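Below, each chain spelled out in residue letters.
There are 2 protein chains.
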Amino acid sequence: MEQKRLGRQTVALARPPVLTGWAGVAGKKEGEGPLAAQFHYVSQDDSFGEKSWEKAESAMQRMALSAALDQAGRTASELDYALAGDLLNQCISSSFALRGQEVPFYGLYGACSTMAESLSLAALLLDGGFGARAAAVTSSHFCSAERQYRTPLEYGSQRTPTAQWTVTGAGAVVLETEGAGPRVTHVTTGKIVDKGVKDPANMGAAMAPAAYDTIRAHLAETGRKPSFYDLIVTGDLGELGREIVLDFFHRDGVELKNLSDCGLLVYDLERQDVHCGGSGCGCSAVALTSLFLPGLKQGRWKHILFCGTGALLSPTSTQQGESIPGICHAVALEGPA
Amino acid sequence: MEQKRLGRQTVALARPPVLTGWAGVAGKKEGEGPLAAQFHYVSQDDSFGEKSWEKAESAMQRMALSAALDQAGRTASELDYALAGDLLNQCISSSFALRGQEVPFYGLYGACSTMAESLSLAALLLDGGFGARAAAVTSSHFCSAERQYRTPLEYGSQRTPTAQWTVTGAGAVVLETEGAGPRVTHVTTGKIVDKGVKDPANMGAAMAPAAYDTIRAHLAETGRKPSFYDLIVTGDLGELGREIVLDFFHRDGVELKNLSDCGLLVYDLERQDVHCGGSGCGCSAVALTSLFLPGLKQGRWKHILFCGTGALLSPTSTQQGESIPGICHAVALEGPA
Chain A
10 MEQKRLGRQT VALARPPVLT GWAGVAGKKE GEGPLAAQFH YVSQDDSFGE KSWEKAESAM
70 QRMALSAALD QAGRTASELD YALAGDLLNQ CISSSFALRG QEVPFYGLYG ACSTMAESLS
130 LAALLLDGGF GARAAAVTSS HFCSAERQYR TPLEYGSQRT PTAQWTVTGA GAVVLETEGA
190 GPRVTHVTTG KIVDKGVKDP ANMGAAMAPA AYDTIRAHLA ETGRKPSFYD LIVTGDLGEL
250 GREIVLDFFH RDGVELKNLS DCGLLVYDLE RQDVHCGGSG CGCSAVALTS LFLPGLKQGR
310 WKHILFCGTG ALLSPTSTQQ GESIPGICHA VALEGPA
Chain B
10 MEQKRLGRQT VALARPPVLT GWAGVAGKKE GEGPLAAQFH YVSQDDSFGE KSWEKAESAM
70 QRMALSAALD QAGRTASELD YALAGDLLNQ CISSSFALRG QEVPFYGLYG ACSTMAESLS
130 LAALLLDGGF GARAAAVTSS HFCSAERQYR TPLEYGSQRT PTAQWTVTGA GAVVLETEGA
190 GPRVTHVTTG KIVDKGVKDP ANMGAAMAPA AYDTIRAHLA ETGRKPSFYD LIVTGDLGEL
250 GREIVLDFFH RDGVELKNLS DCGLLVYDLE RQDVHCGGSG CGCSAVALTS LFLPGLKQGR
310 WKHILFCGTG ALLSPTSTQQ GESIPGICHA VALEGPA
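One line per chain: the protein sequences are A and B, in this order.
In this text, residue positions in the first sequence follow our numbering: the first is 10, and each later residue adds one.
In this text, residue positions in the second sequence follow our numbering: the first is 10, and each later residue adds one.
Just so you know, the hints here were simulated from the structure itself, not pulled from any lab data.
Computed from a predicted model, the values in this text were never measured in an experiment.
Wrong hints could be hidden among the right ones.
With a straight-line Cα cutoff of 25 Å, these simulated SDA-like cross-link-like pairs (lysine to any residue) come out [claimed, not checked]: (1) Lys60(A) / Gln329(B); (2) Lys207(B) / Gly188(A); (3) Lys207(A) / Gly109(B); (4) Lys207(A) / Arg156(B); (5) Lys204(A) / Gly109(B); (6) Lys13(B) / Gly188(A); (7) Lys60(A) / Lys204(B); (8) Lys204(A) / Lys204(B); (9) Lys207(A) / Lys60(A).
With the hints as extra help, turn the sequences into a complete structure.
Structure representation (structure tokens):
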């Protein structure tokens, strides 16, 4: 058998799966941001026609999956696996979105790293020879997240300067063993990293050490220089978290000039009052499906290292005085052959 | 490449991974039940020396993983992957248990099917050639689950007759590509099945259709008769859920004489006042690690179909009038060669 494992965290895929379809669905605020023109669908009503924010989030996932399947020219019945997760308690957005699709399903919890986690596992399952097609799906919704994690919207709470804004959005990608499109060539699985940050309004700082850890491992284990990638992009570290990662690399004598963050790409930070940037599973999901994958397909970029970042806390863990464990999964994407 | 996929949901592993270490850790009530003598560790104090039930649950996971690694003669640094999940919001038992282990980690959410889901994905990752060793871990705790899903213990709420009792317990298994021990030969991935049951105090009935669906798919796709297995065992359907599965098969003209349920094995239903039986991620996890794997190793059984069952609801989905989506993942286990 071919040697796939390059090091402690990274595997090179022997038969890189192809991304044949993708779609990003977003809410009103996101539809007023820099990615507006690229979303598959933007709702002017964040309820998406549903009776609760939670049901709206499920509706977004279903729309994204359906559109991604359309682009791939496939139906749900042709999927061998669907992998999905979200931020809601017991991941109900995903379970209720995938209910009725009749697809073998694995539920994930990776907080805001879920797009990268689901993409990683989908790619590994296809490369492992277990199926020909898989979907990776995730979502977040500002209103369901605020209600669950912080305070009901009606309270009109003041936000701290380090806070980020949960993206109302969903992303879905379809991977296949055959076809044309961008490919997943490497998967670097994250370890849980916790440097003791306890402020749930500063999750960029909590996740930055995990992002540094995974990106460093990926570069060391693949032997690639940062400049190999047109973009190294983290999930939702925001302004502050990105600076911390840059600082960590700077101390190693590495200037990560091509480091970007989805949290800084989804909104116009000057104009949209989102403090440190976007966050949530939907943040990296809509950036992947509406910016990076189209850009790879069109030849704007050739290599992107997509690094989903997640803060593995809960309101209960914070109430009990715990610090915030972070994780980051990296997926190396390459333009069409 | 060899053909691994047998049908819509089932794959046959080309190089069946070996279970080289396992351990079940349980609470006081479980330690007074039929499996008492087989647990790796039973605490007389359900706090496990921690200051909260949530921290106690994490402590159980760490103990189970540590003991499973000991049995395998391995350390955490030798694991290529750890896969874990639990019932708590944002799966904090798992994240905080795996924090500090320095292991590439994928978080899962499969509700009470998590032992089977983590075992499935761990086996697939090894069979796919992505690593040599992986761990699958899960837990549940009666007190953290009651507080989160139902009412605080202090209220002393009356339980309905169809209710089940969340097992205080954790299980961990170590899988390797080489070694001696029981093996994972097939993985049948569940689809989400929802037949409209809305009563969260009757989760056996909600999950039974998913169990039927997956077991039927497994048998059809492998061409195996039910009698091929010494035991076909569901996760935590309890008395009522098990009867529903038997009834579904009976209508198909199949008598599933060897169908058992972990929820009926962990407690003495006559003596321990648990109504319909045990439930929770820990239920099938302690039955797997303390009964089935030792029994396979000792030759008591040769083939077991281990079917984790999960109810993918949340308190919020129930409050919003939703029915309960169920899922069941099946793993075919075979005694040492």
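Verification of the hints:
no.: 1; hint: Lys60(A) / Gln329(B); in the structure: holds, 9 Å
no.: 2; hint: Lys207(B) / Gly188(A); in the structure: violated, 42 Å
no.: 3; hint: Lys207(A) / Gly109(B); in the structure: holds, 16 Å
no.: 4; hint: Lys207(A) / Arg156(B); in the structure: holds, 24 Å
no.: 5; hint: Lys204(A) / Gly109(B); in the structure: holds, 10 Å
no.: 6; hint: Lys13(B) / Gly188(A); in the structure: holds, 21 Å
no.: 7; hint: Lys60(A) / Lys204(B); in the structure: holds, 22 Å
no.: 8; hint: Lys204(A) / Lys204(B); in the structure: violated, 45 Å
no.: 9; hint: Lys207(A) / Lys60(A); in the structure: violated, 35 Å
In this structure, the earlier hints numbered 2, 8, 9 are contradicted, and the remaining ones agree with it.
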